[in-house]
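S.K.: Heads up: the sequence lines are chains A and B, in that order. Just so you know, we're using this note's numbering here: the first sequence kicks off at 1 and counts up by one. Just so you know, we're using this note's numbering here: the second sequence kicks off at 1001 and counts up by one.
I should point out that these hints are in silico values taken from the structure, not numbers from a laboratory. Do not take every clue at face value.
[To be verified] Facing chain A, from chain B, some residues (calculated, C-beta under 7 Å):
#1 Asn1052
#2 Leu1089
#3 Gly1090
[As the list claims (entries may be wrong)] Straight-line alpha carbon distances no greater than 20 Å define the calculated EDC-like cross-link-like pairs of lysine to aspartate or glutamate that follow:
#4 B:Lys1085 <-> A:Glu48
#5 A:Lys203 <-> B:Asp1048
#6 A:Lys202 <-> B:Asp1049
#7 B:Lys1059 <-> A:Asp16
#8 A:Lys202 <-> B:Asp1048
#9 A:Lys36 <-> B:Glu1045
#10 A:Lys199 <-> B:Asp1049
#11 A:Lys201 <-> B:Asp1048
#12 B:Lys1306 <-> B:Glu1336
#13 A:Lys20 <-> B:Glu1055
#14 A:Lys199 <-> B:Glu1088
#15 A:Lys36 <-> B:Asp1048
#16 A:Lys199 <-> B:Asp1048
#17 B:Lys1059 <-> A:Glu48
#18 A:Lys111 <-> A:Asp206
#19 B:Lys1085 <-> A:Glu188
Don't be surprised by glycine CBs; every beta carbon is placed ideally from N, CA and C.
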Amino acid sequence: MSSGYRVMVGVKRVVDFAVKIRVRPDKLGVETAGVKQAMNPFDEIAVEEAIRLREKGHAAEVVAVSMGPTVCQETLRTALAMGADRAIHVETTKELQPLAVAKLFEKLALKEKADLVVLGKQAIDDDSNVTGQMLAGLLRWPQATFLSKLSVSGDKTALEAVREVDGGLQTLHVPLPAVVSCDLRLNEPRFATLPNIMKAKKKPIDKQTPESLGVDVTPRLQTVSVDEPPPRKAGVKLETVQDLVDNLKKGGMI
Amino acid sequence: MLARRVCQLQSAVKLSLRHSVAPGSRASLAAKNFSTASEGGLCFELSDDQRNLQELARKFTAEEVVPKAAEWDKNGTFPKEALNKAWELGLLNAHIPAEYGGLGLGIVDTCLISEAFAYGCSGFSTAANANDLGQVPVIVAGTADQKAKYLGRCTEKFTFCSYAVTEPVAGSDVAGIQTKAVKKGDKWILNGQKMWITGSGYANWFFVLARTDLSPNAPAGKAFTAFIVERDWKGVNVGRKEWNMGQRASDTRGITFEDVEIPDENRLGEVGSGFKIAMTTFDSTRPPVAAGAVGLAQRAHDEALKYALQRKTMGKAIIEHQAVAMMIADMATGIEASRLLTYKAATIIDSGKRNTLYASMAKAMAADVANKAATDAVQIFGGNGFNSEYPVEKLMRDAKIFQIYEGTAQIQRMIIARELATKAK
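Put together the whole structure using the sequences plus the hints.
M.R.: Laid out in structure tokens, this is it:
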């Protein structure tokens, strides 16, 4: 890979993290109508990382991708305002589950000849945390997920990726092309400046559909029900440490 | 008699500006279609661009202003770093025409930014708005060279400017100012004192109004001239930061001018046209100030509502007590009404028409609504509201100045009455 590779970044439109969510009356999901939406926070981190790769001279082009109804274009405009060069909108009103998304990304990554696909580690609406992993499997490309640090190897053919794992930090040498997913501490996403927000309107958004990419996006999983967590029950106030030990023993906890 | 003269002045201002305005500035504003009107007529929605701008301003405020506002207030710290960040994002120079490095956006956009900033801290929004106030006269009446030089300074680097008209002896009575500029060869010699000048501690240049016709019966429309004065010139002395009731992050000081030499190329507009320039500026700057009051009022409302939903007395959340509920209902209604009035005033001037009546209405109402909202918010918080650990007492202290600066509540009502009387004749 010569310097100047193409980075593809996935951005998903989700309910804004600050919103207080409610379960829909039909109990099949969360109420999204009329609720504030925004770019998935982990995807903001992904966009930021991709742009930094371009600013450091490693990447030549950053392509933002979003999949879903027409309104996804707003999320793409945000990515363009942050600095992505162009965008692709895969337009559909059908429900998109991670496997379908991974298949669509597979087609796009090959079609656009991407050298690196950068995704957020998970979306805050479904918390699946599988798209990046499945995409790497479909493409048979190396993957590095839960990134907390990313740099390019000296000869620019690979990435040095630091992952946050349960035991601490793991460093991987990842030959390109590859798929990576970003975790919270990777970077702090920039604000889009007002001039860039205005310039973003002129950047191109290419349109595709699952049909044009030849992918069957039929959902494989069916949501049976969605419930709010049970309300917190009151605790019991105890007077002495002995009481505490007795209660723990009685409850079979020790 | 005075009323008629002021009305004549207002119409004179409108006519003379068409001739004396530097080509392109007002005309280009009128040519742009800022209207968000839908095909059917009225439209109360923001355009996509406006929503993006608003989101940026709100996000910035939530991350850079809200966490620091209490500390700025406590220490009277000028929020230079945060203003610098806002400048980098393009949020401070949005209204400067594109040919001078700004974004060429309208007053509606400036209002969106001002409202968002004030929600976080109205001291911060005032510090940001001070630049507007200094720049608008130059945009309206400057030559191409003056605009390129002084507006360019603000867009090329993080630079402040101020609007220096008020004096210790004259605030509402602008025609009573005593600062004098006397022509000597090709220079003007400036002497006098200004007071309560926002941003003066950090300004690189000032818009200054001075008396140039010293004859006792010279009418206001002919007696004053506007100048651009640089802070570094000999004889310009900026005083100490004043400690005010509220908006303490903003910087207000007195300035003394002692035999300051102003080259004639720094005269802004024709000799004698200063009063008109100073007054016309308000048509563009009152809506953003009103928007600031709306932002503060909205914050007061949000804090009060949140508190009323949680705080329990006599077995229920206090919002269930009608006395509290009525206050919140009135707050919300006042905020909605003053916001609509503000954006109407802004929309009118963006479409190239005169908005003086609505700008005054907006400023008058928004300031009153903000003060009532902040006072009621403290009331709803009760004893906690009086305490500095809770955010509402600051809102009450900050709100007061909205009824005073940029034209007092009383002056606004005089302007409104005169506009109505003129129209009815």
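S.K.: All hints, please: hold or fail.
M.R.: Structure-based check of each hint:
no. : hint                    : verdict
1   : Asn1052                 : holds (5 Å)
2   : Leu1089                 : holds (5 Å)
3   : Gly1090                 : holds (3 Å)
4   : B:Lys1085 <-> A:Glu48   : holds (18 Å)
5   : A:Lys203 <-> B:Asp1048  : holds (15 Å)
6   : A:Lys202 <-> B:Asp1049  : holds (12 Å)
7   : B:Lys1059 <-> A:Asp16   : holds (12 Å)
8   : A:Lys202 <-> B:Asp1048  : holds (14 Å)
9   : A:Lys36 <-> B:Glu1045   : holds (16 Å)
10  : A:Lys199 <-> B:Asp1049  : holds (11 Å)
11  : A:Lys201 <-> B:Asp1048  : holds (10 Å)
12  : B:Lys1306 <-> B:Glu1336 : holds (18 Å)
13  : A:Lys20 <-> B:Glu1055   : holds (18 Å)
14  : A:Lys199 <-> B:Glu1088  : holds (15 Å)
15  : A:Lys36 <-> B:Asp1048   : holds (15 Å)
16  : A:Lys199 <-> B:Asp1048  : holds (13 Å)
17  : B:Lys1059 <-> A:Glu48   : holds (17 Å)
18  : A:Lys111 <-> A:Asp206   : holds (13 Å)
19  : B:Lys1085 <-> A:Glu188  : holds (15 Å)
The structure is consistent with each of the numbered hints, conforming to all of them.
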